[in-house]
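Counting in my numbering, the final residue of the sequence shown is number 688, and the numbers go up one at a time with none missing.
The set of hints was computed from the structure by calculation and includes no laboratory data.
Note that the structure is predicted; figures quoted are calculated from it, not measured.
The beta-carbon is built from N, C-alpha and C at its ideal position, and this holds for glycine as well.
Worth double-checking, as some hints may not be accurate.
[Unchecked claim] Below, in silico cross-link-like pairs of lysine to aspartate or glutamate (DMTMM-like), each with a Cα-Cα straight-line distance of 25 Å or less:
1) Lys231 <-> Glu350
2) Lys231 <-> Asp286
3) Lys296 <-> Glu350
4) Lys352 <-> Asp286
5) Lys616 <-> Glu585
6) Lys626 <-> Glu201
7) Lys616 <-> Glu201
8) Lys358 <-> Glu201
9) Lys296 <-> Glu351
10) Lys296 <-> Asp324
11) Lys296 <-> Asp286
12) Lys546 <-> Asp324
13) Lys546 <-> Glu569
14) Lys616 <-> Glu351
15) Lys231 <-> Glu351
[Said to hold, decoys possible] Label-pair distances were calculated between CB atoms; the ranges are:
16) Ser188 <-> Ile320: 31 to 39 Å
17) Ala279 <-> Leu255: 20 to 28 Å
18) Gly471 <-> Arg395: 36 to 44 Å
19) Gly471 <-> Ile558: 32 to 40 Å
20) Glu201 <-> Ile655: 25 to 33 Å
21) Asn333 <-> Leu374: 42 to 50 Å
22) Tyr475 <-> Phe503: 21 to 29 Å
23) Phe506 <-> Ile320: 16 to 24 Å
24) Val463 <-> Thr192: 35 to 43 Å
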Amino acid sequence: MSLSRTTILLLILIELLSFCAWIFPVFNTFCFFIILALVLLLSLKNLSHGLLIASSELIIGSYGYLFSLNISQGANIISLRLGIFIVIMLAWAINTVRGDGFQSYWSRLKNFHFFRYYLLLAIALVWGFVFALIRGNDFGNIFLDFNNWLFFLYLLPLIAVGHEEKFWSSLKIVALACLLWLIIKTLLLFYIFSHQFIWALPEVYRWVRDTRVGEITQFKGSFYRIFLQSQIYCLLAFFIFLPTIKKTLSRRYLIFLVGCLSVVLTSFSRSFWAGFVLGLITAGGLLVYKLWITAHGSKESFKRFFIYVLHFLTVCFLAFILIFAVAYAPPKAKTNLMASLGQRATEIEAAGSSRLSMLKPLLISIVNHPIIGSGFGTTVTYESLDPRIIPATAGGSGEFTTYAFEWGYLDLLLKIGLFGVFIYLLLIYKLLQTLWQQVKSAISNQQSAISNLSLGLSLAIIALLAVNIFTPYLNHPLGIGFVLVVSVWLSYNQTNQASQAN
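Let the hints inform the model, and build the full structure from the sequences given.
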């Protein structure tokens, strides 16, 4: 409780400091260096401290620009996330040298259960970088495109602390605290904008936009969409908690389930909704399988299934109640929530139309090098209908050239080809396979806690795979971070099970 309370208080302080730093650029630079200095000192003392901070920033920071360092009068901006990454990697190298050395660490790395798949993925990524240079892609685009993939290097410090049980217990507490704050922050922004508080709207909107924490968009009926990229963790957490719905639903898990679902709904992200639907379908199938194995008799199975469904519907009902309560809380707000939900579900706005118009040129470019990819920084030109982009195009034509694409798997195919995509999906398949083995083993040994966690992680990964169709999270630190944590936790769990068996 102490760690959880401290984390939430520190997160509130960080948000307030970020707002002040947005107003005063000099203070922004000061905070940037102070935070990095503290992260370095804590990481040198205990590497797990630095990784907990990095995890916290990832859950609440979206693109990582709560603080930043402007270089060359804003021409180059270093995000806090990149700064923390550099500092932690430096601390990991120093701690490794001061400890048993790299030779001993190499032995631990080779024993990592998914080492071969990460090695193959590294080869594919390096090839994407080298081939981009050979093809003469713009180096600035190459670096910015490849930059996200460097986040996979966090695997090295994670393996260094991944054998410590204390790290995992601390990570759970910190992650839950960050998740709770993310829920509160979303609902707070939703309240401010749905009630159109004039004293806060311009400044808060520009702070959210300029720090790239999220997007705030107005819909019909004075309804505002509050979309923070980090809300992907609310979707993933919902499915991690979902298997805990049993005969009795504890208050703690009920709060998180209701809060996470309300965030997914208020995000108005159709990508999240697609992941939510696929995750639910999978959850239903796995639930039937689990009940078939564990329950004795069809009557008992039906009874348990009915209780699960009833609890799930209760969570959905409470999530809608929470959203309506925030939207229509005093003072009176002129918000038509149902009309906005209908608009988002049925209409394709300019940004969605641009995503569709991007599809054909992207597919044509993929055909050039379908197996090996065209390398990072490869650009495609398409006609955008997004009103935010059209004014910046030549003559307002909407003709836009970019190396970043909304279609996640097509983006991967263009950059690293079928070979790279196959390796990445093979890694994720191995994670799901290992999780499923743990589920079956836990069910047979009546270890419900392990069964629920492994099942929840499986559902979360499936939801992430679905979201990545329309929004690229698997090539972004937000998705990569989740894959890394699941990988190292599974390796830690497998090692523990093997040692207990011996």
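Worksheet item: For this structure, which hints from the list above don't hold up?
Response: Numbers 5, 6, 7, 10, 16, 21, 23, in rising order.
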